[in-house]
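Asker: In case it helps, my numbering puts the sequence shown at residues 4 to 320.
Just to be clear, a hint being listed does not mean it is correct.
[As the list claims (entries may be wrong)] In silico lysine-lysine, DSS-like type, Cα no more than 27 Å apart, as pairs:
| no. | residue 1 | residue 2 |
| --- | --- | --- |
| 1 | Lys202 | Lys254 |
| 2 | Lys76 | Lys117 |
| 3 | Lys10 | Lys123 |
| 4 | Lys144 | Lys133 |
| 5 | Lys10 | Lys76 |
| 6 | Lys10 | Lys42 |
| 7 | Lys42 | Lys211 |
| 8 | Lys130 | Lys117 |
[Said to hold, decoys possible] Ranges between beta-carbon positions, derived for each pair:
| no. | residue 1 | residue 2 | range |
| --- | --- | --- | --- |
| 9 | Lys202 | Asp7 | 25 to 31 Å |
| 10 | Gln50 | Lys254 | 44 to 50 Å |
| 11 | Trp116 | Ile27 | 31 to 37 Å |
| 12 | Glu46 | Ala281 | 25 to 31 Å |
| 13 | His81 | Trp116 | 24 to 30 Å |
| 14 | Glu213 | Asn255 | 30 to 36 Å |
| 15 | Lys167 | Leu91 | 39 to 45 Å |
| 16 | Lys254 | Lys313 | 45 to 51 Å |
| 17 | Leu299 | Thr214 | 44 to 50 Å |
| 18 | Ser297 | Pro97 | 16 to 22 Å |
| 19 | Asp88 | Tyr302 | 18 to 24 Å |
| 20 | Ser143 | Asn195 | 25 to 31 Å |
| 21 | His81 | Ser297 | 25 to 31 Å |
| 22 | Ser143 | Asn212 | 31 to 37 Å |
Keep in mind the hints are simulated off the structure, nothing from the lab. These figures come from a predicted structure and were not determined experimentally. Note that the Cβ used here is the ideal one computed from N, Cα and C, for glycine as well.
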Amino acid sequence: MNHDESKLYFESNQYFGLQAEDVIFFSQGVLPCLSPEGKILLEKPYQCSMAPDGNGGIYPAMEKSGVLADMIKRGVLHIHAFAIDNSLVKPADPDFIGYCIQTKADCGNKVLWKSDPHEKVGVIAEKDGKPCVVEYSELSKDMAERLVLVEQEQTKENLEDGPKLAFGAANICNHYYHIDFLQNEVIPNLGNMFHIACKKIGTWDESKNETITPSDNNGIKLESFIFDVFPLSTSMAIYEVERRHEFAPVKNAPGSTSDSPDTAMAMISSLSKEWLEAAGAIFTGDADGIICISPLTSYGGEGLGVYKGKEVNCGSL
């Protein structure tokens with residue numbers, strides 16, 4: 004869909020300093036759309052109606068494209084996968100990956116705590132003794148609001164014990180895998196992970212000699228989710244992080260009050276200011292001005308000692 008454009012963007016930017024042979028692109032798969040009776044729908048007389056197979060399609064795509072085999076050949080053991088729309092994501096996060104390695108996890112999930120009981124986000128849970136993600140639409144009001152008393156280590160951010168949401172660990176599509184888990188558990192079980200989604204699907208109308216998109220759902224798309232493999236894990240690690248440090252998704256149009264380019268930029272700026280303040284910088288100018296520390300300058304707030312005691316004009320970086 005955007006495969007060629009993505010490759011061209013990296014090529015035109017010299018792969019951002021990486022070796023070209025170490026940057027490998029592969030495409031998400033597609034599957035035929037079905038009628039409610041299970042028949043394949045036609046978009047044109049000679050063409051099936053097709054739809055992307057969901058973000059869980061990353062697993063068969065890794066196998067079919069040869070990416071998984073290439074990782075094994077290179078001796079790669081640990082893999083970090085995350086959603087592209089999170090502008091505060093930390094690629095190859097050493098803390099998260101290190102925690103998963105230390106705990107000998109076969110799979111890991113980075114989470115953050117829900118902002119309120121009814122935030123529209125899936126949560127990590129346990130079902131029949133196995134880890135899974137429960138979508139917000141599957142939680143009853145009672146389950147969403149249920150509190151439990153959790154004893155936890157006291158830190159600067161958490162000064163006392165208290166009740167927390169029983170289902171509060173929000174899934175943000177930020178995962179770790181050991182290569183053996185993908186090769187030996189995920190790939191052999193891919194056929195059991197499809198979900199049915201009823202959708203409006205464009206189909207060929209022979210009487211009108213054209214493709215018609217109906218006003219109501221007329222067919223079925225098969226898709227899988229990236230977290231569908233969690234129940235296959237026997238040693239899953241859950242790693243909680245601060246929302247303000249690691250989650251600024253871009254899902255909505257500019258000007259939207261949430262999950263927009265504007266809110267993401269504000270969160271990037273807030274984090275950059277936090278780093279600079281910790282480094283000893285002195286802010287001048289408009290306190291609400293945007294500051295953005297390039298990831299080429301600092302990955303997680305390190306290396307900013309040069310700003311100690313120096314004035315930084317908000318809006319200048």
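Asker: So, for every hint listed, does it hold in this structure?
Answerer: Structure-based check of each hint:
no.	hint	result
1	Lys202 with Lys254	holds (21 Å)
2	Lys76 with Lys117	violated (40 Å)
3	Lys10 with Lys123	violated (33 Å)
4	Lys144 with Lys133	holds (23 Å)
5	Lys10 with Lys76	holds (23 Å)
6	Lys10 with Lys42	violated (36 Å)
7	Lys42 with Lys211	holds (21 Å)
8	Lys130 with Lys117	holds (20 Å)
9	Lys202 with Asp7: 25 to 31 Å	holds (26 Å)
10	Gln50 with Lys254: 44 to 50 Å	violated (31 Å)
11	Trp116 with Ile27: 31 to 37 Å	holds (35 Å)
12	Glu46 with Ala281: 25 to 31 Å	violated (55 Å)
13	His81 with Trp116: 24 to 30 Å	holds (26 Å)
14	Glu213 with Asn255: 30 to 36 Å	holds (33 Å)
15	Lys167 with Leu91: 39 to 45 Å	violated (23 Å)
16	Lys254 with Lys313: 45 to 51 Å	violated (37 Å)
17	Leu299 with Thr214: 44 to 50 Å	holds (46 Å)
18	Ser297 with Pro97: 16 to 22 Å	holds (19 Å)
19	Asp88 with Tyr302: 18 to 24 Å	holds (20 Å)
20	Ser143 with Asn195: 25 to 31 Å	holds (27 Å)
21	His81 with Ser297: 25 to 31 Å	holds (26 Å)
22	Ser143 with Asn212: 31 to 37 Å	violated (49 Å)
In summary, the structure is inconsistent with hints 2, 3, 6, 10, 12, 15, 16, 22 from the numbered list given earlier, while agreeing with the others.
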